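Peer 1: Residue numbers (my numbering), protein chains in the order written: chain A, 1 to 313; chain B, 1 to 481.
Please keep in mind that the hints were generated in silico from the structure rather than gathered at the bench.
A quick note: this is a predicted structure, and the numbers were derived from the prediction, not measured.
Here a beta-carbon is modelled for each residue, glycine too, at the ideal position from N, C-alpha and C.
A hint or two may mislead.
[Claimed, not checked] Just a few of them, taken from the derived set where beta-carbon distance is under 8 Å, the chain A residues facing chain B:
hint, residue
1, ASN3
2, LEU9
3, LEU14
4, PHE15
5, TRP16
6, ALA18
7, SER20
8, TYR277
[To be verified] With beta-carbon atoms standing in for the labels, derived distance ranges:
hint, chain 1, residue 1, chain 2, residue 2, range
9, A, GLY12, B, TRP426, 23 to 29 Å
10, A, PHE151, B, VAL193, 27 to 33 Å
11, B, ALA373, A, PHE151, 14 to 20 Å
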Amino acid sequence: MRNFLQKLLLFGLLFWGANSIVAMIIAPRIRLNLHDKYHWVMSRKGEHFHTALLGSSRVENCVDAREFHRITGKRCVNLGVGGAGAADQYLLLHGFLRDNTVDEVLLQLDYLTLMDYFTYGFRDYEWLCYDDSESVRSALIQQRGLIRCLFWKSVPFMRLMEFSSQYRYFFFEEPPNSTTWDSTDGSRLLSSGGAPDNSFAAFRVDPQSIEYLRKIQSLCRERGIRLIAFQTPYPPVIEKLTDRSNSDPEIARFCDEAKLPFHDFSRTFYDRPELFYDRHHLTSTGSLAFTRLLGEALKQADKAAPTRQLPPH
Amino acid sequence: MLFQSPEFFLFFGLFFALYWLLGRWHRLQNLLTLVASYVFYGWWDPRMLLLIAASSAVDFCVAIRIERTQVDSHRRNWLLASLAFNLSILGFFKYYNFFAQELEQLLKLAGLPAPESLRLDIILPVGISFYTFQTLSYSVDVFHRRMSAARDPVLFFTYIAFFPQLVAGPIERAGHLLPQFAAPRVFSYPNAVRCSRLLLWGFFKKLAVADSCAVVVDRVFTAPDTFSGWHLLAGSVAFALQIYGDFSGYSDIARGTAGLLGIDLMENFRFPYFSQSPAEFWKRWHISLSSWFRDYVYIPMGGSRCGVLRSHLNVVLVFLLSGLWHGASRTFVSWGLINGLLVLAISSASSIRGIPVGNANPLRFAAFAKILATFLITCCCWVVFRSNSVSEASHYLLRMAADCSAHPGGILVAFRWYLFREWCTWPAVLLLAVEWLAFRGLWNFDRLPAALRWLVYLVGASLTMWSAFCRDASEFLYFQF
């Protein structure tokens with residue numbers, strides 16, 4: 001028995017050592033995958049933009065940076081990433097600002113950003129390869145717990161599994177509450193809590209999302225960056241399918257507290273459903289049309305209350 | 001609790017340590033094994049424990065009654081009581097909804113008024129088919145005086161609930177397992193090494209082979225119309241490898257785990273895909289089930305000792321039951337029926353033409369062609385097994401046949417896709433290569449230098465782990481049976 005256990009232990013050590021080395025070689029290379037927008041954003045260096053657009057796929061798909069530049073004359077970068085929740089957005093902006101500068105950030109706020117429930121769970125697998133940054137480390141600990149983070153640290157190859165799965169390490173951990181289906185019978189979540197029928201889930205504010213939105217605000221304030229909030233358009237059907245309008249007071253409250261100018265375009269295209277390719281995203285034509293509207297609105301706002309002279313470009 | 005989950009590693013590590021600490025007291029080891037097995041099984045749903053405990057209790061008592069009773073008719077009645085109890089549990093939990101649905105459709109077809117729904121909201125207990133068959137065989141064996149009834153309830157309950165093989169076999173016989181639990185166990189280093197290898201190999205089959213192939217299989221079977229015939233053939237081959245990797249992987253893990261506890265479980269697979277006929281395939285695939293049906297259904301029905309027609313009917317019936325055992329659905333029943341007819345047809349054709357079935361040197365062209373043909377036939381049968389309905393399966397097979405014959409050149413495209421684009425199927429190629437060497441008797445791992453052996457362990461374990469990292473943990477396919 002002793003001989004067997006000794007060899008088992010030796011095997012375990014060799015296994016740990018060899019795979020940790022492989023993991024440490026692989027992990028930094030994951031950053032080089034610029035087909036992943038997270039890594040693309042984090043890889044940008046030494047650039048100056050007048051405007052950075054921050055948000056989820058609703059920013060990535062709905063605002064065209066070149067058209068925005070044409071309308072406003074401001075050099076713009078679209079940092080919107082599919083599935084990015086508030087924590088992801090904060091880390092993206094933080095990472096981007098490490099090596100780049102911007103004058104203003106246009107932050108898209110909607111019910112999905114605030115509720116962190118639908119598809120917007122924190123994407124630890126995108127961030128593990130950046131855990132040399134303090135902000136990433138603290139976000140990982142807050143979102144995934146200290147035990148798991150220590151485990152990732154001591155068994156480096158275990159973190160790599162997070163890049164492609166949401167595997168639970170520990171049986172006592174609750175699975176992430178981010179499904180659109182009922183975990184007991186697999187059927188869709190029924191509307192509840194006053195949500196309109198056909199809604200996936202009742203809107204509820206996630207305090208952590210608010211916390212990260214505040215961090216975005218603080219980050220911008222520290223860097224002297226003007227922060228402006230906006231909401232991209234929805235098709236009219238959204239009102240029947242979700243209770244997203246319940247998020248309006250919450251967004252207004254957040255903007256009031258943070259003293260953020262807020263441009264709400266959520267109902268702008270209610271009469272133009274042909275501009276949408278699904279419930280949350282615009283077609284190319286829709287994207288150009290909305291960008292023009294956004295650009296013009298911001299130009300008007302700048303004329304009405306110029307907060308700061310933009311540097312020449 | 002899945003074998004590949006961290007919980008199981010934790011659970012087994014703890015159990016292994018306690019188990020061997022109690023090495024001098026084998027009765028305490030049995031008690032610990034029973035408790036651990038119930039924890040393992042209750043992890044899915046504690047309510048299921050009631051069922052397995054009831055089933056074990058009934059058969060424990062009935063077997064003692066059978067043994068004590070000298071009057072044959074009384075003994076038979078007790079056996080019938082055991083059969084009725086076990087088959088009712090199995091029938092209710094596994095087959096009630098299937099037959100209720102069939103009855104509903106039959107009434108509808110006949111234009112008779114049918115109740116709104118006869119179906120009930122029943123949870124299928126994990127591994128019910130496996131442990132029910134174990135309890136059944138025990139009662140039958142005691143009835144036929146092949147063995148004496150167990151008097152120690154802990155011993156018997158442990159035999160039924162032994163966690164390594166509880167949820168997906170092998171279906172052990174009491175005559176093989178009970179004496180092992182009744183005797184003290186000794187830890188042996190060579191056996192522990194052999195079992196650890198088996199464990200590693202089982203995990204490789206499940207995580208690297210089966211779960212990798214599942215990626216291709218799911219894609220092809222979800223939308224067969226979007227693929228060419230050759231791709232569909234590749235999909236069916238991938239499913240053949242998936243189900244083999246999954247099930248034989250489970251069996252290897254079960255045997256390895258049990259072996260580390262000093263318990264020997266029977267071999268469940270013996271290179272089934274190198275069979276030269278469907279009949280041979282069934283002697284090599286899920287051996288514990290095939291032999292169970294042979295011993296407890298086929299032979300009692302007369303086997304091959306009765307007339308030709310009757311023995312043929314027996315074969316078909318056994319395969320039909322085997323299909324039904326796999327699941328309450330028309331696809332499984334059809335799959336069983338097709339296999340039965342295939343076994344009969346090919347055996348009959350071979351005996352008429354005087355061609356020996358199987359056992360030829362696999363390196364000879366004719367034998368190799370037979371292996372290939374049997375494998376392809378098996379793959380086609382697996383399509384029926386994997387599909388959601390018989391019509392879906394026939395659509396898949398017809399499209400595959402029509403498209404392959406219309407575009408024979410497409411084989412190269414499919415081959416390239418299968419091997420290079422879907423590179424995740426490479427572990428399956430490695431599995432087949434190793435199995436072929438072992439089948440030919442050329443695989444002697446112990447002959448390798450120790451350093452090379454350790455390198456193989458390390459690379460194998462790492463490959464398995466990295467494969468598992470690429471996807472979510474999935475259950476073993478045979479858990480549903």
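Peer 1: Let me make sure I understand: some of the numbered hints might not hold for this structure. Which ones are they, in numerical order?
Peer 2: 2, 5, 7, 8, 11
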